[in-house]
Amino acid sequence: DTEVTQTPKHLVMGMTNKKSLKCEQHMGHRAMYWYKQKAKKPPELMFVYSYEKLSINESVPSRFSPECPNSSLLNLHLHALQPEDSALYLCASSQLGLGNQPQHFGDGTRLSIL
Amino acid sequence: KNEVEQSPQNLTAQEGEFITINCSYSVGISALHWLQQHPGGGIVSLFMLSSGKKKHGRLIATINIQEKHSSLHITASHPRDSAVYICAVSDRETSGSRLTFGEGTQLTVNP
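Heads up: the protein sequence lines correspond to chains U and Z, in order. In terms of our numbering, the first sequence opens at residue 1 and continues consecutively. In terms of our numbering, the second sequence opens at residue 1001 and continues consecutively.
Don't take every hint at face value.
Claimed, not checked - Here chain U is said to cover these stretches of chain Z; the calculated rule only asks that three of the stretch's residues, wherever they fall, bring their Cβ under 8 Å from a Cβ of chain U: (1) 1015-1024; (2) 1041-1055; (3) 1065-1072; (4) 1081-1091.
It should be emphasised that the hints constitute simulated quantities derived from the structure, not laboratory data. In this text, a Cβ means the ideal position worked out from N, Cα and C, and glycines have one as well.
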């Protein structure tokens, strides 16, 4: 069992749908991350939240909209996605968002866009 | 050239063998991370190193800061060690929370 919980585990959606991915941690971590991972590739950073504020946006298209309602929760709102957005979406957290702290990853949401 | 290079890309071993995965990087780092990813997706952080050597069970990680090189060793390998092993670094000069990942090493341990 991981300490970072992601829901749902699998999601299939059409290009016109709106859906959300959810991530939750109760370790008291103040930095949370969204990554996108394509098959046989390493994760790519999308967003970083530090103390509930967006600190890094890696030029992600606006059809992905992150939200951090509190220090334990991180959402990723999806709208008008493209087939190339099909991937594994990983959430992670770390204590303070410093490079010398380990990141704790969830099991991911496998997203398929029809 | 990638900032983080791993070798080998693929590795097949027999159960019980000693395994070494290598990672070289080209930037100044605040820490180097070894991660494990099983089929199905979840990533587990195995080690975080900024100097020296760490050991956890059958896993050993070493780092040589001067040579910008790290190794992950698995002793007495077992089929359950089959996974992708990813090296990642936190660049000292850029935002500390951004990790730069290697391409990963696919390890298969046969019984």
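Violated constraints from the hint list, given by number and in increasing order: Violated hints: 1 and 3; rest satisfied.
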